[in-house]
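Trainee: Here are the chains, one letter per residue:
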Amino acid sequence: MGKSAVKRVPFKEGMMKLPQSDGDSGDLIGSKCRDCGEQFFIRRDICENCQGHDMEEILLGNRGKLYAFSVMFYPAPPPYKAPDPFVPYGLGWIEMPGGTVLYSLLTENDPGKLRVGMDMDLVFEKFGQDKDGNDLMIYKFKPAGIN
Amino acid sequence: MNDVVIAGVGMHPFGRYPDKDPDDIAIEAILKALKDANINYRDIESVLAGKVAFKKAGTGIDLMMKVGMTGVPIYQINAMCATGGAMLQLARDAISSGSCEVVLVYGFDKFKGMFDELGDPWQNVLGMKASPAAFATVAQKYMHDYGATEQDFARVAVKAHKNGANNPYALFRNIITIEDVLKSPMVAYPLHLYNFCTPDDGAAAAIVCSKKAARKFNIRKPITIAATVMQTALYPPSVVEPSNTYSVNLNKKGISVTELAAKKAYEMAGLGPKDIDVCEVQDTESAHELVHIEQLGLCKPGEAYRLLREGVWDITGRLPVNPSGGIQCKGEPPGASGLGQVCEIVWQMRGQAEARQISRDPKVGLCQVFGWNHVAAVTILKK
Numbered sequence: 000m001g002k003s004a005v006k007r008v009p010f011k012e013g014m015m016k017l018p019q020s021d022g023d024s025g026d027l028i029g030s031k032c033r034d035c036g037e038q039f040f041i042r043r044d045i046c047e048n049c050q051g052h053d054m055e056e057i058l059l060g061n062r063g064k065l066y067a068f069s070v071m072f073y074p075a076p077p078p079y080k081a082p083d084p085f086v087p088y089g090l091g092w093i094e095m096p097g098g099t100v101l102y103s104l105l106t107e108n109d110p111g112k113l114r115v116g117m118d119m120d121l122v123f124e125k126f127g128q129d130k131d132g133n134d135l136m137i138y139k140f141k142p143a144g145i146n
Numbered sequence: 000m001n002d003v004v005i006a007g008v009g010m011h012p013f014g015r016y017p018d019k020d021p022d023d024i025a026i027e028a029i030l031k032a033l034k035d036a037n038i039n040y041r042d043i044e045s046v047l048a049g050k051v052a053f054k055k056a057g058t059g060i061d062l063m064m065k066v067g068m069t070g071v072p073i074y075q076i077n078a079m080c081a082t083g084g085a086m087l088q089l090a091r092d093a094i095s096s097g098s099c100e101v102v103l104v105y106g107f108d109k110f111k112g113m114f115d116e117l118g119d120p121w122q123n124v125l126g127m128k129a130s131p132a133a134f135a136t137v138a139q140k141y142m143h144d145y146g147a148t149e150q151d152f153a154r155v156a157v158k159a160h161k162n163g164a165n166n167p168y169a170l171f172r173n174i175i176t177i178e179d180v181l182k183s184p185m186v187a188y189p190l191h192l193y194n195f196c197t198p199d200d201g202a203a204a205a206i207v208c209s210k211k212a213a214r215k216f217n218i219r220k221p222i223t224i225a226a227t228v229m230q231t232a233l234y235p236p237s238v239v240e241p242s243n244t245y246s247v248n249l250n251k252k253g254i255s256v257t258e259l260a261a262k263k264a265y266e267m268a269g270l271g272p273k274d275i276d277v278c279e280v281q282d283t284e285s286a287h288e289l290v291h292i293e294q295l296g297l298c299k300p301g302e303a304y305r306l307l308r309e310g311v312w313d314i315t316g317r318l319p320v321n322p323s324g325g326i327q328c329k330g331e332p333p334g335a336s337g338l339g340q341v342c343e344i345v346w347q348m349r350g351q352a353e354a355r356q357i358s359r360d361p362k363v364g365l366c367q368v369f370g371w372n373h374v375a376a377v378t379i380l381k382k
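Chains as they are written, first to last, in numbering that gives the first Met the number 0: chain A, 0 to 146; chain B, 0 to 382.
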């Protein structure tokens, strides 16, 4: 990276660990309840299962399997700002190695190229900039083996 | 607990009324329900006012002041798409507890476009919680798990319109074909425009009272509320159920809110799925009509689309589903849609549904509503 390289920051704190070097795929952040052992996507303070407040931060991985999906052919309502012209976008549930199924945007928007059970890789994309000029990064999943 | 009845119902047709004073829409339904029960507003002891989308503050109280200043408590209720069922449960509980005898419940809404703040703020900015996609994901999973096709979902819409064509309270009263549905624009794969309900305006009302009050007011054909249950998610929630949920544990078998509510409602009523003669279920889009039929135990999982092909859910079938045309035809004013179902089932049970009257004589009817962020309500009515 050059000296003037723009800093990349997570779109939301407690959601992702961005790659720190070449070959680092990054990861998604979750929380595990120290009381009941249940784990969740995104860092959180309260366990939905047992209402415990003793949560530890964990990593959920960067490869999962597609559990279910859809493709939006119309833009979502505001505050979503649709590109002009609008481009359909994929959404789906991704089953992670520990059994956590999480909701994600998909890079693929052709339903014909998506199938339940396919391997999906975590990727990060720029979604605008924050007030300090840093690139805001969001997570998506991409069918594995496609560049 | 079979001591609470519906004495009267009334509806303002669901549709689009840009030039009509919103209060007049609700008042029309309220006055019709009072007239249907032959009860005067001064005999109402409590009012539950439902709305979800309509933004004006204080709607329930403002509106009821135009109906009469009788000093009664007026509560505004919002339980998303389950608002109608939630109000019935509250009314029934109030009457069962002996705190009052006669309650007016009404639901009203003016609704345009999609809900714009359904998810958490970051999800909304990313366009992740667009409700069509959340519902369509369930449809995709249903196709994958059970072998249903887009044609099957189209068939649900075709049935809805066949019924809705005979419903003066419906927004859409046109007959459509499977080809029409499949040719309509894809909104969220695998669902097309004609698979979806549309937001609109409307109101529905019911007079709920004790059996004692029903005798006092000489109510003809009272319909007993055998059970009514409002339900939210019990961890772990069902995977892919439309909600704000970020993640679900696949290792545990999550149960849908509709199954949870139905189980309690059947127990409360001392009845089972086999006793149901007619029902109105939440058909936000065509696929969820099938999903909800199964979650209510009216057939086995994965069977609803096959039975649809056989005509089981038609008004001439063994168990008519959505004889009103559902919200696929009526449209969905979410504050009013639940009580809209109740109106339809009451009319069916009294034999007043005219051209859409089901073939069999229904003794027991069921209403089910489901909505965003894991809410559902199941109501069982009997003669």
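Simulated from the structure, these hints should not be mistaken for laboratory data.
Do not take every clue at face value.
[Said to hold, decoys possible] Derived lysine-lysine pairs resembling DSS-like cross-links, with alpha carbons at most 27 Å apart:
1) K31/A / K111/B
2) K382/B / K112/A
3) K111/B / K80/A
4) K6/A / K112/A
5) K125/A / K11/A
Computed from a predicted model, the values in this text were never measured in an experiment.
Trainee: Indicate, hint by hint, whether the structure satisfies it.
Mentor: Hints, verified against the model:
no.	hint	result
1	K31/A / K111/B	violated (40 Å)
2	K382/B / K112/A	violated (52 Å)
3	K111/B / K80/A	holds (19 Å)
4	K6/A / K112/A	violated (33 Å)
5	K125/A / K11/A	holds (12 Å)
Checked against the numbered hints given earlier, the structure breaks hints 1, 2, 4 and satisfies all the rest.
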